[in-house]
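Visitor: Produce the entire structure from the sequences given, and follow the hints as far as they go.
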Amino acid sequence: MEFFLISMLNSLSYGLLLFMLSSGLTIIFSMMGVLNFAHASFYMIGAYFAYQISVWLGFWPALVIAPLLVAAVGMAVERYGLRTVHKYGHVAELLFTFGLAYLIEEAVHLVWGRSSVPYVVPPSLDGAAFTLYSTDYPIYRVFMMAVSVSMLIGIYLTLTRSRIGLVIQAALTHPQSVETLGHNVPRVFMLVFGGGSALAGLAGVIGGNAFITEPGMAAAVGPIVFVVVVVGGMGSLVGAFLASLLLGVLQTFSVALDYSFADLFAKFGYTVDPDTPLAVLWNLTISQTGPVLPYLLMVLMLIFRPKGIMGSREG
Amino acid sequence: MLEVKDLHAYYGKSHILHGVHLQVGHGEIVSLLGRNGVGRSTTIKAIMGQVEAEGSVIFKNEQMLGLKAFQIAHKGLGYVPEMRDIFPTLTVEQNLILGMKGAKPDKSARWNLADMYRLFPRLEERARVEAGMISGGEQQMLTLCRTLMGDPDLIMIDEPTEGLAPKIVELVAELFNEIARRGVSILLVEQKLAIALSISQRLYVMGHGRIVFEGTPQELRGNSTIRKEWLEV
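Protein sequence lines, in the order shown, are assigned to chains W and G.
For the first sequence, counting from 1, position 298 maps to 690 in this note's numbering; every step adds exactly one.
For the second sequence, counting from 1, position 117 maps to 1369 in this note's numbering; every step adds exactly one.
Hints are computed from structural coordinates only; laboratory data are not their basis.
Any given hint might turn out to be false.
Stated by the list, open to error - In the DSS-like style, the derived pairs of lysine-lysine whose C-alpha atoms are separated by at most 27 Å in a straight line are:
(1) W/Lys479 <-> G/Lys1320
(2) G/Lys1327 <-> W/Lys479
(3) G/Lys1320 <-> G/Lys1353
(4) G/Lys1265 <-> W/Lys479
What the hints assert, rightly or not - Some, not all, of what chain W presents toward chain G, calculated at C-beta under 10 Å:
(5) Arg555
(6) Leu558
(7) Gly574
(8) Pro615
Ideal Cβ placement from N, Cα and C applies to all residues, glycine included.
Guide: Next up, the structure:
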């Protein structure tokens, strides 16, 4: 029970973080039709910016300034990069974001070096929030969840209550009609790209110190974010939310469970020994397969339900 | 008010319009007729900056070609696309509100939300319903009202009566007259000859990406050669 509750809480905080990352990606995708390969790079520079600012000014200013800086970078990328490449079609845009991801990684190498930086949880958020049975649950995890949930409510209110939110929702399906009504759609695209980048940056700010801030962090989380978007259904925010939580649970629980097929067979009185055919496969534990489960889920999803949990478009 | 000269338009490599000339005066209702695929919709899309075009489009003494669609809308040109171009996930009322160019209702605008609901009570009944859920005819009304909310000085309407019940068609024709009475010019792409003849002051007939006839309803009624060659199926 203790294991279950703690893992559930960890799944939730990780899942919410994934959602912060994938929500930006999925909004950008449904609006512009571009799968932004550099999205996880914005997560990484969010963490690095936060590290640098927290060295100079402290963690709290970093929490506000770093996402804003990432938003500025994102808007510049859209305005001076993507918008120019746009006329050559989606393949060119895809290649552009692909190249950008490498460019950002190299830039991070140049500025902060190849190893991780000591971006740590601030002392004021270090320690236990509460004790569950015998486990101290860290304040920082609770803080992460609080930030993610307030962000979620923020996005929801912006999209449904504000005028710019209405314009964004309309432009998701009919960008041309929105423009002929006199709305500056190119500017809305830029703001959305900046907003999505800021969300990724914020995820980097609160995730960078909870996990580790290193040049490989974008490459580590990038594929998972794509899994979220594909499993949730391309362009669906609700789908991305469900998929994020699902993957959070999948990844958190799978690393902790040491069961294998051999254990299952043992229950029925059949023992797997080294001579059994495929013995290696039967002896694999769930925790060993943990890293591959998200991709397995994605492949199965693409085969059996290509539009994802909530997606409306095919493939 | 609107003067189009030698308008050429392209979709990729195919050349759709081969030098279209047309004019619309203040408060005038002008129809653009022709069979499917002769370039009527492309003409108004080109004027609205939605397709690649060359030539000249002068509106209120300003060149429109080269401007972006949202800038053209701000100059006072309204565009009502073909059916089902509503925003399906937003409510009927949100659709109408997005028709306004600013965040606050403009007091000097010719139309407001109350006007739209008075003209089409059905839209008021369904104000809070997602626009994707209302009938095709209601969606048609909604796109028209949405554009009117932006208070255009000239409104270009693509196939407004397509698929509408005869009773609604009458209502729409009446609305066009009211729009013109308020000093708004109309450029209409219409399939139904009878409506076009009854409400327009002037008509153009298109064929193969060019204007092949220009005149009053009376002149078109009297010209059976044009009707046979370019209109009747």
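Visitor: Can you list which hints this structure breaks, lowest number first?
Guide: Per hint list: single violation, 8.
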